[in-house]
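Peer 1: First to last, the protein sequences are chains A, B, C and D. Just so you know, we're using numbering that gives the first Met the number 0 here: the first sequence kicks off at 0 and counts up by one. Just so you know, we're using numbering that gives the first Met the number 0 here: the second sequence kicks off at 0 and counts up by one. Just so you know, we're using numbering that gives the first Met the number 0 here: the third sequence kicks off at 0 and counts up by one. Just so you know, we're using numbering that gives the first Met the number 0 here: the fourth sequence kicks off at 0 and counts up by one.
Where hints are given, some of them may not hold.
It does not matter which identical chain is meant; a pair holds if it fits inside one copy or across any two.
Stated by the list, open to error - Cross-link-like lysine to any residue pairs, in silico, SDA-like; alpha carbons within 25 Å at most:
id, residue 1, residue 2
1, K118, H33
2, K118, T12
3, K135, A15
4, K118, R102
5, K118, G62
6, K135, T99
7, K135, D116
8, K118, E34
Honestly, the hints are just simulated from the structure, not real lab data.
There are 4 protein chains.
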Amino acid sequence: MDLRYHIPLDRATLRAHGVPDDWPMGVADRVRFHELDTLGHVNNAAYLTWFENFRVHYTTAYGLTRGRPQLDGLVLRALNVDYRASLRLGEDYIVTGRTTQMRNTSFTMEYGVFSGDLKVLSTAVLVLVEADGTTKRPIPEEVRRAFAERDGAQAA
Amino acid sequence: MDLRYHIPLDRATLRAHGVPDDWPMGVADRVRFHELDTLGHVNNAAYLTWFENFRVHYTTAYGLTRGRPQLDGLVLRALNVDYRASLRLGEDYIVTGRTTQMRNTSFTMEYGVFSGDLKVLSTAVLVLVEADGTTKRPIPEEVRRAFAERDGAQAA
Amino acid sequence: MDLRYHIPLDRATLRAHGVPDDWPMGVADRVRFHELDTLGHVNNAAYLTWFENFRVHYTTAYGLTRGRPQLDGLVLRALNVDYRASLRLGEDYIVTGRTTQMRNTSFTMEYGVFSGDLKVLSTAVLVLVEADGTTKRPIPEEVRRAFAERDGAQAA
Amino acid sequence: MDLRYHIPLDRATLRAHGVPDDWPMGVADRVRFHELDTLGHVNNAAYLTWFENFRVHYTTAYGLTRGRPQLDGLVLRALNVDYRASLRLGEDYIVTGRTTQMRNTSFTMEYGVFSGDLKVLSTAVLVLVEADGTTKRPIPEEVRRAFAERDGAQAA
Numbered sequence: 000m001d002l003r004y005h006i007p008l009d010r011a012t013l014r015a016h017g018v019p020d021d022w023p024m025g026v027a028d029r030v031r032f033h034e035l036d037t038l039g040h041v042n043n044a045a046y047l048t049w050f051e052n053f054r055v056h057y058t059t060a061y062g063l064t065r066g067r068p069q070l071d072g073l074v075l076r077a078l079n080v081d082y083r084a085s086l087r088l089g090e091d092y093i094v095t096g097r098t099t100q101m102r103n104t105s106f107t108m109e110y111g112v113f114s115g116d117l118k119v120l121s122t123a124v125l126v127l128v129e130a131d132g133t134t135k136r137p138i139p140e141e142v143r144r145a146f147a148e149r150d151g152a153q154a155a
Numbered sequence: 000m001d002l003r004y005h006i007p008l009d010r011a012t013l014r015a016h017g018v019p020d021d022w023p024m025g026v027a028d029r030v031r032f033h034e035l036d037t038l039g040h041v042n043n044a045a046y047l048t049w050f051e052n053f054r055v056h057y058t059t060a061y062g063l064t065r066g067r068p069q070l071d072g073l074v075l076r077a078l079n080v081d082y083r084a085s086l087r088l089g090e091d092y093i094v095t096g097r098t099t100q101m102r103n104t105s106f107t108m109e110y111g112v113f114s115g116d117l118k119v120l121s122t123a124v125l126v127l128v129e130a131d132g133t134t135k136r137p138i139p140e141e142v143r144r145a146f147a148e149r150d151g152a153q154a155a
Numbered sequence: 000m001d002l003r004y005h006i007p008l009d010r011a012t013l014r015a016h017g018v019p020d021d022w023p024m025g026v027a028d029r030v031r032f033h034e035l036d037t038l039g040h041v042n043n044a045a046y047l048t049w050f051e052n053f054r055v056h057y058t059t060a061y062g063l064t065r066g067r068p069q070l071d072g073l074v075l076r077a078l079n080v081d082y083r084a085s086l087r088l089g090e091d092y093i094v095t096g097r098t099t100q101m102r103n104t105s106f107t108m109e110y111g112v113f114s115g116d117l118k119v120l121s122t123a124v125l126v127l128v129e130a131d132g133t134t135k136r137p138i139p140e141e142v143r144r145a146f147a148e149r150d151g152a153q154a155a
Numbered sequence: 000m001d002l003r004y005h006i007p008l009d010r011a012t013l014r015a016h017g018v019p020d021d022w023p024m025g026v027a028d029r030v031r032f033h034e035l036d037t038l039g040h041v042n043n044a045a046y047l048t049w050f051e052n053f054r055v056h057y058t059t060a061y062g063l064t065r066g067r068p069q070l071d072g073l074v075l076r077a078l079n080v081d082y083r084a085s086l087r088l089g090e091d092y093i094v095t096g097r098t099t100q101m102r103n104t105s106f107t108m109e110y111g112v113f114s115g116d117l118k119v120l121s122t123a124v125l126v127l128v129e130a131d132g133t134t135k136r137p138i139p140e141e142v143r144r145a146f147a148e149r150d151g152a153q154a155a
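Work out the full structure, taking the sequences as your base and the hints as a guide.
Peer 2: Next up, the structure:
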């Protein structure tokens with residue numbers, strides 16, 4: 000089945016590629032040569048750049064970066080990664096993501112890396128900040144609604 | 000027009016995307032967030048990883064890596080890059096490549112990065128080596144033929 | 000006070016640079032330009048390469064890589080990172096590390112990034128594997144002793 | 000002999016480490032794990048990040064970034080790299096640099112990577128631009144003097 004890269008894929012397309020229905024959004028890409036470690040596996044740090052790149056798609060789709068440059072004002076506060084299986088050169092994968100919890104100025108996201116089955120699972124806590132990089136700012140109301148309606152995010 | 004990523008594109012498809020006819024092969028991809036520098040442009044080193052990734056497609060298509068892991072036995076000896084214009088986040092590009100000259104154990108490739116027009120042009124000298132990483136080995140005869148017939152490479 | 004880079008620092012030296020006594024080993028380095036994100040902070044993935052580089056020093060010092068290439072046979076299974084504060088260009092830092100728990104074929108390490116105070120804290124689960132990359136192998140007895148005696152690691 | 004990392008080394012120190020006298024400045028560092036390719040050699044793109052990091056030291060020392068953030072307003076236009084020999088994990092190296100030619104709004108630098116002898120030699124053309132990223136600006140007079148007096152740069 001044809002896989003389209005670099006565009007947000009919806010639930011129906013994701014399901015057709017084996018991604019469970021509780022992931023609302025995913026973006027496909029392919030492993031590149033420079034992402035490999037000396038053993039020929041994707042190196043551990045490369046996955047973080049994949050999650051970061053997914054966030055560009057996600058924050059655009061959910062209205063979080065309206066009037067702001069991409070990922071500006073968004074700071075990663077905590078990260079958890081469960082490396083279940085490794086990926087290899089030329090392998091197709093889909094990075095999925097969703098917001099599971101939201102607080103006043105921060106929210107928790109989950110990411111998956113699927114290639115056939117789930118290879119990597121990750122959780123991240125992101126904080127919204129002003130241009131000074133430290134003053135926290137609240138999640139806009141319409142973004143909270145999108146988190147809740149599309150992802151089923153819980154207010155914590 | 001629809002652009003397909005991560006697969007070798009032929010001359011007809013390349014021409015339809017504005018790539019001149021003298022490039023026999025190209026592979027499309029899209030700028031990712033972690034490739035940007037502090038000014039929001041693709042950083043200079045990222046292009047080298049693009050050329051390297053193109054070489055995986057190219058050496059496979061031209062039979063250079065038959066029976067060998069990808070890019071094994073291929074060493075970059077010299078590099079020249081002409082940065083004509085910068086690329087930005089989310090921009091589509093096509094990396095093109097061709098062999099222009101071949102010697103007994105080394106060959107010269109050219110690479111282009113196209114997005115609308117030519118943004119970056121590069122030349123590289125690559126040497127074939129044995130498993131020890133230093134002993135040179137000759138370019139196989141069928142690869143020489145492919146370089147000459149498909150790319151118009153000159154024996155130097 | 001003079002800080003020496005790229006060599007394992009002992010407890011006395013670490014204490015002199017503000018690192019608490021429960022970290023048995025640390026290695027100093029300085030933030031480089033290409034590690035910055037578009038906001039001028041060290042990007043999230045760069046820290047993982049710092050921890051990885053620290054592991055080369057650590058596994059050598061603790062005898063884990065005897066007769067093996069560096070980090071060969073060591074797979075990262077899980078990772079947790081707590082980004083408390085960001086680092087900037089040219090800033091000196093010390094990456095510290097210790098093993099807190101050991102099982103038959105895997106162990107848990109903690110890492111700290113100190114610059115003045117603790118900026119980043121991380122936990123990782125590492126698995127020892129054979130050359131095939133998947134078959135697990137036990138932690139050698141003398142390494143277990145080193146984990147216990149030098150780091151106070153607990154058998155779990 | 001003791002090698003100090005991360006600080007500009009002068010001609011006398013450089014000579015003591017085998018760097019020829021025509022290099023006015025150098026900065027030492029050590030190869031890190033994540034800079035290796037699948038063969039255990041430093042990957043080709045890593046050297047560019049070394050030259051970039053050297054430029055931070057150089058432009059500060061020569062007054063080029065006065066009142067500007069590091070490397071802001073400096074664009075790489077062309078690059079040439081001659082990879083003579085490869086470096087390995089944990090190897091110490093010194094990146095040297097000098098300006099050889101200067102024009103009104105651009106200048107040409109040379110870089111060397113020394114470890115025992117010269118491993119990599121590179122030439123780069125850099126352009127000074129305004130905050131818009133495209134309008135060229137002239138090299139300040141006192142910087143031209145520093146280029147000429149310290150490096151022997153020729154006006155072209």
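Peer 1: For every hint, state whether the structure bears it out.
Peer 2: For each hint, the structure was consulted:
no. : hint        : result
1   : K118 / H33  : both (19 Å within a copy, 22 Å between copies)
2   : K118 / T12  : within (19 Å within a copy, 34 Å between copies)
3   : K135 / A15  : neither (40 Å within a copy, 34 Å between copies)
4   : K118 / R102 : between (29 Å within a copy, 23 Å between copies)
5   : K118 / G62  : neither (29 Å within a copy, 31 Å between copies)
6   : K135 / T99  : within (20 Å within a copy, 34 Å between copies)
7   : K135 / D116 : between (37 Å within a copy, 22 Å between copies)
8   : K118 / E34  : both (16 Å within a copy, 24 Å between copies)
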